[in-house]
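Undergrad: The chain contents come next:
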Amino acid sequence: MKLLRKRKRAVYKTGLAAAAGLVSGVSGANAAVEAGKKPGETKIVAVMGDYWHNGVAQEYHIRSILSPEKNWRIIFVRGPEFFNPALISDADLLITARYDGNDLMGYSVRGLVDTMEEGAPFWTDENVKAIIDNVRNRGMGFMPLHCTLFCGIRDITELMGIEPIMHREVQPIWFYNVNQDHPITKGIGKFWIGLDEQFAVVIKSESTTSLFNTQAMHDKRTAVGGWCLENGKGRIVGLLPGHTQDPYQKPEYKDILWRAAHWAMRKDVTPHPNPKKGY
Amino acid sequence: MLKTGFAAAAAATIASPNAYAAQFAKQPGETKIVCVMGDYWHNPVWQEQHVRGIFSSNRDWKVYFVLASRYLTAELLSDTDLLITTRYGGGDALGWTPEPIVCERPRSDIIWTDEHVEAVCDNVRNRGMGFLAAHCTLFCGREEIEDLMGIEPQLHQEMQPMAYNYFNQDHPITRGIEPYYVTLDDQFGVDFKYPSRTTILFTTQAVHDKREMVSGWCLEQGNGRVVGLLPGDHNFAYRVAEFQEIFWRAAHWAMKRDIPPYPNAVKDKKGFN
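Chains A and B, in that order, give the protein sequences.
So that you can map any letter, position 67 of the first sequence is 67 in this note's numbering, and since no number is skipped, the others follow by simple counting.
So that you can map any letter, position 198 of the second sequence is 198 in this note's numbering, and since no number is skipped, the others follow by simple counting.
Next comes chain A alone, as it looks inside the complex:
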C-alpha cells in the first residue's frame, strides 16, 4: 500500500482525489476480478508502452489488428500495479512490450494532471512467477514483443528461449528468409520497413523455429527477428520489430501478429482478413 501511494500521480486532498487515490491504491485485484473471462470469450492481456515506445500507437494497432475476432477481449494494463496473477489466471494470451525497471509515468485516474510520478515495476518476482506458471503449466500463450527481451529477468528470457542482443541505430530494416513452412509466416514474402530498431537474439533451444530474419540496411547486420517455440503446455512467439509505428503499419507485419496470436493460443491460423496498409 505504501509503495502504491508513493507512485500515484497528482494526489489532491479533495473528495475526488480521495476516491481516485482509493481506487489506484487498492483496486488492482478488484479490477482483475472484473476483467475475468466471460463464457465463450478469448481473453488477451497486454502490457505495452514506455518512454521509448509509444503506448498510444501500440494499443491502437494491437486493438485494430485483432479487431476482426469479435469475441476476443483485449485488456490493456495502464499501470503495472494493476497487473497481478489473478488477471492472467484465466488469460488465453499475454502480450508484452516492456523492458525492465519502473514505469516512467505512473498511472492517473485523472484527465488533467499537475505532477508526474514514477510508476511501478512490471517484472516483479510475483509477476514473473505467474507468467511462467501460466505459460508452462496452464498453456497460456505468450507474445513477448520488441524490448521484452531486455526485461532483465533470466527466467523470462529462458522462457523465450533466447539470449538478448542490443540494437544499434534506428534505421530501415529488411525482412527476409520468411519461413514458408510455418503457419505464422507461410505465404508472406520479404518486405521492408522505413525505420525501426533491430534487436537480435541468440536462439538457445533446439526446438525453436525461426520465423524470419532481418537485415539492418545501414550497418548490414543480419539477425533472427521472429521465432516461436513450445514451452511446457504453452506456446511462445517472439517478435522483435516495433520501436516505431512503422512495422505496425505494414500489412505483412499485421498478418504475422494476427497469426502469431492465433498460433500461440492453439487456434486455427488463417491469414488476416484485412491487413490494410497504414493506420
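Hints were generated in silico from the structure; no laboratory data involved.
Just so you know, even glycine gets a beta-carbon here, dropped at the ideal spot from N, CA and C.
Heads up, some of the hints might be wrong.
[To be verified] 20 angstroms max Cα-Cα, derived SDA-like pairs, lysine to any residue:
id	chain 1	residue 1	chain 2	residue 2
1	B	K193	B	E146
2	B	K210	B	A163
3	B	K62	A	T115
4	A	K38	B	E146
5	A	K250	A	W192
6	A	K37	A	E69
7	A	K220	B	H208
8	B	K62	B	I259
9	A	K70	B	E104
10	B	K62	A	M116
11	A	K38	B	I259
12	B	K62	B	E104
13	B	K210	A	H218
14	A	K277	B	W41
15	A	K129	A	N102
16	B	K62	A	K277
[Stated by the list, open to error] Reference excerpt, derived from the structure (chain B facing chain A, CB under 7 angstroms, subset only):
id	residue
17	Y64
18	F65
19	V102
20	M255
Using the hints, position chain B against chain A.
TA: Frame of chain A; chain B shown alone:
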C-alpha cells in the same frame, strides 16, 4: 464500495471539464502552464517527462498536462500564463478513460474545436497568454491558429538526421547557442504570413535530402507572444541540452519574463544523440 468510489471519481472527472478545471485556478505567486502533447505519432510519456524536467527548477511553476482534449477548456486557460501544444488536428489517438485496466476504449475527444481555437486566440491576443506551439501543432488544421502562429505549414519528408546550423545571436531565446545535430527527427517547414514582424530563431538542414528550413521563430500577437519550435518527432530532439535550453528560454520569453540561465542541462549519456 470500491467500484462506487471509482465510478464516482471517474464520473466527476468526466462530467464537467469546465467545473473540473476550476479546481486548478492559479494560486497567488504561481505560474500556470498548460500542456497538450502526445498522440499516435508522438509519445506522450517522453514529452511530459522532458517538459517537466526542463522546467523542474522553477518551483512556483505549476505544469498541467491535459490527457484528454475535453479538459482543454476556456476555464482552464482563463488564468494560464503559457500554453504549450504539440497536437495536430483531429481526434485524440485513444479515447481517454480513468480505468486502470482497459477492456474497451471510449470514443476519443477532438482537439482544435471551435471552442479551443476561440479560447486560445482570445487568451493570447487579448489577455497576453504565452503560446509555445511545438512540432506538429502547425498541422492543427485551423487557419485561426496558423494565423496566430504567423505561418503556413509545410509537411516534413522522411525521418533523418538533422543539423541545426543557424542560431539567431541577437535574440535572447537563441543567443549563444551553437550548431548541433540530432540523430533523427522530421523536418517540418513554414512560410511566414507576417515576415516583417516575425523573428527567425534557428534553421535546420535535413541531412539526407539537404532541405534547409526555418525550424524556430517568434512573434508578438496582440498582447501575447508566440514561439514556434518545430523539432520533436522523436525524443532525440529533447535529449539535447541545447534544445532544452531553447525550450526553457522560449517559455520565459513567451511569458515576458526575464530569462535566467538554464540550470538543468543534461547531456545524453546513453549515446543516442
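Undergrad: Give a verdict on every hint.
TA: Structure-based check of each hint:
Between B/K193 and B/E146, the direct Cα distance comes to roughly 9 angstroms. Compliance with the 20 angstroms bound is thereby established for this hinted pair. Under the criterion of a C-alpha separation no larger than 20 angstroms, the hint pairing B/K210 with B/A163 is consistent with the structure, at around 10 angstroms. For the given pair, B/K62 sits about 9 angstroms from A/T115 by alpha-carbon distance, which is consistent with the 20 angstroms threshold. A threshold of 20 angstroms between alpha carbons decides the hint, and for A/K38 with B/E146 the separation of about 50 angstroms lies outside it, so the pair is violated.
As the CA atoms of A/K250 and A/W192 are separated by approximately 8 angstroms, the hinted pair is consistent with the 20 angstroms bound. For the suggested pair A/K37 and A/E69, the alpha carbons sit about 15 angstroms apart, so the restraint of at most 20 angstroms is met. At roughly 19 angstroms between alpha-carbon atoms, A/K220 and B/H208 fall within 20 angstroms of each other, so this suggested pair holds. For the hint linking B/K62 to B/I259, the alpha-carbon distance of about 18 angstroms falls within 20 angstroms, and the restraint holds.
A distance of roughly 12 angstroms separates the Cα atoms of A/K70 and B/E104; the hinted pair therefore holds under the 20 angstroms criterion. Of the pairs offered as hints, the one joining B/K62 and A/M116 holds, with about 12 angstroms between alpha carbons and a cut-off of 20 angstroms not exceeded. A threshold of 20 angstroms between alpha carbons decides the hint, and for A/K38 with B/I259 the separation of about 59 angstroms lies outside it, so the pair is violated. Note on B/K62 and B/E104: the hinted pairing is violated, with a Cα-Cα distance of about 32 angstroms set against a maximum of 20 angstroms.
Using a Cα cut-off of 20 angstroms, the hinted pair B/K210 and A/H218 holds, with the two alpha carbons roughly 19 angstroms apart. For the hint pairing A/K277 with B/W41, the CA-to-CA distance comes to about 16 angstroms; that is within 20 angstroms, so the pair holds. In summary, the hint linking A/K129 to A/N102 is supported, as the alpha carbons are separated by about 18 angstroms, within the 20 angstroms threshold. The suggested pairing of B/K62 with A/K277 is violated, with an alpha-carbon distance near 42 angstroms, which exceeds 20 angstroms.
At a threshold of 7 angstroms, the smallest CB-CB gap from B/Y64 to chain A is about 5 angstroms, leaving the interface hint in force. The criterion of a C-beta within 7 angstroms of any C-beta in chain A is met by B/F65, whose closest approach is roughly 5 angstroms, and the hint holds. Below 7 angstroms, beta-carbon pairs count as interface contacts, and B/V102 has one with chain A at about 5 angstroms; its hint therefore holds. Interface restraint check: B/M255 against chain A, minimum CB-CB distance 18 angstroms, threshold 7 angstroms, status violated.
Violated hints, in rising order: 4, 11, 12, 16 and 20; the structure is consistent with all others.
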